[in-house]
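Peer 1: Line by line, the protein sequences are chains A and B. Offset between the first sequence (1-based) and the working numbering: plus 168. Offset between the second sequence (1-based) and the working numbering: plus 101.
To be clear, the hints were calculated from the coordinates, so they are not data collected in a lab. The beta-carbon is built from N, C-alpha and C at its ideal position, and this holds for glycine as well. There may be inaccurate statements among the hints.
To be verified - Computed cross-link-like contacts, DSBU-like style, restricted to lysine-lysine with a CA-CA straight-line distance of at most 30 Å:
id, chain 1, residue 1, chain 2, residue 2
1, B, K164, B, K145
2, B, K186, A, K199
3, A, K222, A, K184
4, A, K222, B, K224
5, A, K223, A, K199
6, A, K223, B, K164
7, B, K145, B, K224
8, B, K164, B, K230
9, A, K256, A, K223
Said to hold, decoys possible - Computed list of chain A residues with no C-beta within reach of chain B, every gap over 10 Å:
id, residue
10, M180
11, L209
12, D247
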Amino acid sequence: MAETQEFSIGQMVRVKRLWPTDHHRVPYYLKGKIGQVATCLGPVENPELTAYFKKSSDQHILYRVRFTHANLWGGNQTDETYADLAGKWLCEPEG
Amino acid sequence: MTDDKQAMGHTHDETRGAHDLGGFLNHLLAHGIDARISREEMPKTPYEERADAMLLLLSNAGKGLLNIHAMRRASEQFTHEDYLKLSYYDRWLRAMAALCIETGVFSDQEWQAKQQQVLSQNKAAQQRKSD
Numbered sequence: 169m170a171e172t173q174e175f176s177i178g179q180m181v182r183v184k185r186l187w188p189t190d191h192h193r194v195p196y197y198l199k200g201k202i203g204q205v206a207t208c209l210g211p212v213e214n215p216e217l218t219a220y221f222k223k224s225s226d227q228h229i230l231y232r233v234r235f236t237h238a239n240l241w242g243g244n245q246t247d248e249t250y251a252d253l254a255g256k257w258l259c260e261p262e263g
Numbered sequence: 102m103t104d105d106k107q108a109m110g111h112t113h114d115e116t117r118g119a120h121d122l123g124g125f126l127n128h129l130l131a132h133g134i135d136a137r138i139s140r141e142e143m144p145k146t147p148y149e150e151r152a153d154a155m156l157l158l159l160s161n162a163g164k165g166l167l168n169i170h171a172m173r174r175a176s177e178q179f180t181h182e183d184y185l186k187l188s189y190y191d192r193w194l195r196a197m198a199a200l201c202i203e204t205g206v207f208s209d210q211e212w213q214a215k216q217q218q219v220l221s222q223n224k225a226a227q228q229r230k231s232d
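Based on the provided sequences and hints, a complete structural model is requested.
Peer 2: Okay, structure coming up:
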C-alpha cells in the first residue's frame, strides 16, 4: 500500500523522538526538532527494510524539510539545513 | 558550544551510532578525534578504485547481491572504535565482506583463509625484495 501525502508544503512538522538502533535515515541532531515542509519528493522505497534485504511493498513519502540553524543549534544564525525525511518520521509540532 | 549542550541534554546518547555524530563535537574530542574537516587533496590509491569497482559489481548495477542501504547498515554495526578508525574505503571493504558473509557469497572461514593467504603472499614478496 502506498502511503498518501499527509503533510502539505509550508506546514510545520516535528521529527519524531524515536531512537531505534536499527538502520534509519534520520540524524540524531534532528530528532524532536521542528521544521517546515519545503517540498514533497514523492514515494521512495523504504531503506529501513531494504537495508535488511527485505522487500518493501509499502512506499515512503519523502519530504524535504527546512530547519533553521537557530532552531537546531541555538544562537542567531541565519543558515538553514534541508533534510529529506520520510512521512513516518514526521508528526504535528505539538506531537 | 550550544550544539553539544543540546546533544548532551538527551537521554538517548547510548543509542547514538558512530555514523551519527553530527553536532556532537565534545564527544569526538573526548575520543581524541580531530573533528576538523581536512581540505587537503588525498592521494588516490589503487585499492580504493578496486573497492569501488567491487561494490558496483556486487550492487544493483551488477549482481544485485547488496544495496547501498545494506552497506550503510553494515557500517553502522561496526564498533565506534572501528568506525572512527577505519578510512572511508576500509569501511566499504569491511561492510562488503560482512554482507557477503551474511548473504552466503562466501563463508567467514573462507574470508579468514583468504586474508591469511594474501598476508603471507605479501610477507613473502617483502622478503624477496629485502633479500
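Peer 1: Starting from the hint list further up, note which numbers the structure goes against and sort them upward.
Peer 2: 4 and 8
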